[in-house]
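J.: These are the residues of each chain, in order.
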Amino acid sequence: MQWTVVVGRYSPPGDPQPKGEMGPAFREPYQNAPRKTYQTFKVDLPDHAMVLDALIHIREYEDESLAVRCACRSAICGSCAMWVNGHARLVCTSKLREHTKDGKVVVEAPPSMPIVKDLVCDMTPFWRKNMSVKPWLQNKQPVPQGEEYRVPNAAMENLIQEVSCISCGACLMDCESFAVNQNFLGPAALAKAYRYTADPRDADTDVRLREYSESNGVWDCTHCYECVQVCPKGVAPLDQILKLRKLAVDAGFTDNAGTRHADAFAESVRDSGRLNELTLSPKSLGLFNIPAQLQTLPAAFNLLRAGKLPPLIHPKIPNVERIKNIFKKIGERFK
Amino acid sequence: MRVAFWPGCVSKGACPELYVSTQKVAEALGLELLELYEAPCCGAGVLSEQNTALMDSLNGLTLAMAERVGADLMTICSTCQGVLSNHNYHLKNDPLRLSAANKVLADSGYEYKGTTTVKHLLWILVEDIGLDKIRPLIKHKLTGLKIAPFYGCYILRPEEYLGLKERPERSTYLEQLIELVGGEAVEYHGKTKCCGFPMVTMNRDKALAMGGNHILEAKEKGADLLVTPCPLCHLNLDAQQPDAGRVLKRTIDTPIFHLPQLLGLAFGYSAEELRLNHHVVSTTRALEKVELKV
Chain A
1 MQWTVVVGRY
11 SPPGDPQPKG
21 EMGPAFREPY
31 QNAPRKTYQT
41 FKVDLPDHAM
51 VLDALIHIRE
61 YEDESLAVRC
71 ACRSAICGSC
81 AMWVNGHARL
91 VCTSKLREHT
101 KDGKVVVEAP
111 PSMPIVKDLV
121 CDMTPFWRKN
131 MSVKPWLQNK
141 QPVPQGEEYR
151 VPNAAMENLI
161 QEVSCISCGA
171 CLMDCESFAV
181 NQNFLGPAAL
191 AKAYRYTADP
201 RDADTDVRLR
211 EYSESNGVWD
221 CTHCYECVQV
231 CPKGVAPLDQ
241 ILKLRKLAVD
251 AGFTDNAGTR
261 HADAFAESVR
271 DSGRLNELTL
281 SPKSLGLFNI
291 PAQLQTLPAA
301 FNLLRAGKLP
311 PLIHPKIPNV
321 ERIKNIFKKI
331 GERFK
Chain B
1 MRVAFWPGCV
11 SKGACPELYV
21 STQKVAEALG
31 LELLELYEAP
41 CCGAGVLSEQ
51 NTALMDSLNG
61 LTLAMAERVG
71 ADLMTICSTC
81 QGVLSNHNYH
91 LKNDPLRLSA
101 ANKVLADSGY
111 EYKGTTTVKH
121 LLWILVEDIG
131 LDKIRPLIKH
141 KLTGLKIAPF
151 YGCYILRPEE
161 YLGLKERPER
171 STYLEQLIEL
181 VGGEAVEYHG
191 KTKCCGFPMV
201 TMNRDKALAM
211 GGNHILEAKE
221 KGADLLVTPC
231 PLCHLNLDAQ
241 QPDAGRVLKR
251 TIDTPIFHLP
261 QLLGLAFGYS
271 AEELRLNHHV
281 VSTTRALEKV
291 ELKV
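Note that the protein sequences, when read in sequence, are chains A and B. Quick note: the first sequence uses my numbering, first residue 1, plus one each step. Quick note: the second sequence uses my numbering, first residue 1, plus one each step.
Since the hints were made in silico from the structure, they are not lab data. Beta carbons: idealized from backbone N, C-alpha and C, even for Gly. Check the hints yourself; a few may be wrong.
Said to hold, decoys possible - Label-pair restraints from in silico Cβ distances:
id, chain 1, residue 1, chain 2, residue 2, range
1, B, 27, A, 292, 28 to 36 Å
2, A, 155, B, 135, 55 to 63 Å
3, B, 135, A, 158, 47 to 55 Å
Said to hold, decoys possible - A short list of chain A residues far from chain B (calculated; beta carbon distances all over 12 Å):
id, residue
4, 19
5, 37
6, 48
7, 53
8, 78
9, 100
10, 125
11, 136
12, 154
13, 184
14, 199
15, 223
16, 333
To be verified - From the derived model, a few chain B residues whose C-beta atoms are all more than 10 Å from chain A:
id, residue
17, 92
18, 128
19, 220
20, 285
So that you can see chain A by itself, here it is in the shape it has in the complex:
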């Protein structure tokens, strides 16, 4: 079968430049990504071939200067994550058949990461974030002598999902929060953070939770599920971030907008059955956080002017006692 593969080419300044016309500039939030040249290749490969097969074919038979990073071809090494039609994927497990749209498949380095050459992005931001969460055990003392740590099976089952991570970086490449905030720790690092925080052998649980609750940590995730969608190993980083949020709140790290937001949200649902939009934002920001409160005033004024401000007296749903009763039974912190 013949496939049409469009490859985004880039060479650093000083190197021989790829032939062809320069593609369009990337727009915000990827305005810092350099422009690329998009070259079209026709390759003959069987129906079951992967996008990586096409890239290797191009490198072997069409243009040996094409830079591709790959190793295992089996979704284990995590080297070959890149953009396929604008979404991060491991090209070794992406079938040409499934990704050919309108007669072609477009492959390029993700504009969310610095680029080295062609399809190879610089993973430094990814590794820095990973290292910053201290992804190793802080041994609980005393360390058992002459034998290993013994932990119950059940305590480790919760960590298995994250252990499947192959550090391919696909989640960070498509992370919506990272796209607008380069300092956000990102899905892979936070999932890793959960893995060590929840490990019964780790001694630094509170230190970790305090750190991850700070700015650019768990509360800066926008909850968009992109990382869950693109992860090729089922790590579901967002799910791990949410578990980390719960651990942090339970451990008492509650002086942040995220916790106040959840508390105000729960209070409103408990007492009225519905969300009170009018009080949610002020309570989440902290009632005495005057600068933050002032920032939201123009939006409130705009709503008022458009006749969209929610009713000043928040109505209760009929039979709200039923809802209160459920909160009383299992509301825990929200009782």
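Here the structure of chain A is known, so what remains is to put chain B in place on it, guided by the hints.
T.: Structure of chain B alone, referenced to chain A:
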């Protein structure tokens, strides 16, 4: 067709135009809305992460209410759709979670048996009513309007809870409806991305930049307006748009329509009836393009 109708908190709060326009469109379609007045907030994911069991019970209650009505549960919010689909998936597939939720609901007068299907209006329009039945209702074609679809995360992801693995075409329904009403669907990267709303209280400027960037991208691709099936996206994209413009130091000025407002216009309802005059970003210019006024 009749549905158990869960309007969500926002259509009863800061986006009343969504509630009103849904009723108009339902009337035109002969879609009977049996509203669940006693159903609680879905928790928008915020409460699920802190207390999953609590939200299994509260959403289980809503699902049980729909079960008693004996019809599919219709949402008009991508977030409600995502959260209810998520809990419904687990309640249907995990007998332990279902029995735990029902134990809490024991004295509520409801028990969830696990038979409810949750469907957003967007899906009901395409899958249950069908484009062929909607086509004859179109009185005013919106020819010439370039419309950018904006789905909202929770109606697309995670795929397994939302049935997108079985029905991948669900990620094309907005485009199908845009073309049905005579508009031209704008293709752009941001259409399946995040509006930023979930982090607007935690990191306001970044959240506004996130949404603002997507609108600007659509605008640069020629969009006269964006259409969304999610009122939370609407809040971040419309109500906060002037602030997003300030953060990005750009004038955005692109109106955001709710899905039923777009259909309602094509069905011949006036802009006032659909409350298109109650948006923060003026809808006038887009309406004038198809010879409509507010």
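J.: Is it correct that the beta-carbon of residue 19 of chain A has no partner in chain B closer than or equal to 12 Å?
T.: 26 Å, holds
J.: Per the stated criterion, does the least C-beta distance between residue 37 of chain A and chain B lie above 12 Å, as a non-interface residue requires?
T.: 19 Å, holds
J.: Residue 154 of chain A clear of chain B by more than 12 Å, beta carbon to beta carbon?
T.: The claim holds: residue 154 of chain A sits with its nearest Cβ about 15 Å from chain B, beyond 12 Å.
J.: Measuring from beta carbon to beta carbon, are residue 27 of chain B and residue 292 of chain A in 28 to 36 Å?
T.: Since residue 27 of chain B and residue 292 of chain A have Cβ atoms about 42 Å apart, the given range 28 to 36 Å is violated.
J.: Does the claim that residue 100 of chain A lies off the interface hold, with its Cβ farther than 12 Å from every Cβ of chain B?
T.: 15 Å, holds
J.: In terms of Cβ atoms, is chain A entirely out of 10 Å range of residue 92 of chain B?
T.: 19 Å, holds
J.: Is the Cβ of residue 53 of chain A more than 12 Å away from each Cβ in chain B?
T.: 24 Å, holds
J.: Please verify that the nearest CB of chain A lies beyond 10 Å from residue 220 of chain B's CB.
T.: Given a closest Cβ separation of 7 Å, the condition is violated.
J.: Beyond 10 Å on every Cβ pair: is that true for residue 285 of chain B relative to chain A?
T.: Its Cβ never comes within 10 Å of chain A, the nearest being 16 Å, so this holds.
J.: Determine whether the non-interface label on residue 199 of chain A survives the test: each CB of chain B must be over 12 Å from its CB.
T.: Holds, since 20 Å exceeds 12 Å.
J.: Has the hinted range 47 to 55 Å been met by the Cβ atoms of residue 135 of chain B and residue 158 of chain A?
T.: At roughly 51 Å between Cβ atoms, residue 158 of chain A and residue 135 of chain B fall inside 47 to 55 Å, so the hint holds.
J.: Just checking, residue 136 of chain A versus chain B, shortest CB gap more than 12 Å?
T.: 26 Å, holds
In terms of the numbered hints stated before, the structure departs from hints 1, 13, 15, 16, 19, listed from lowest to highest.
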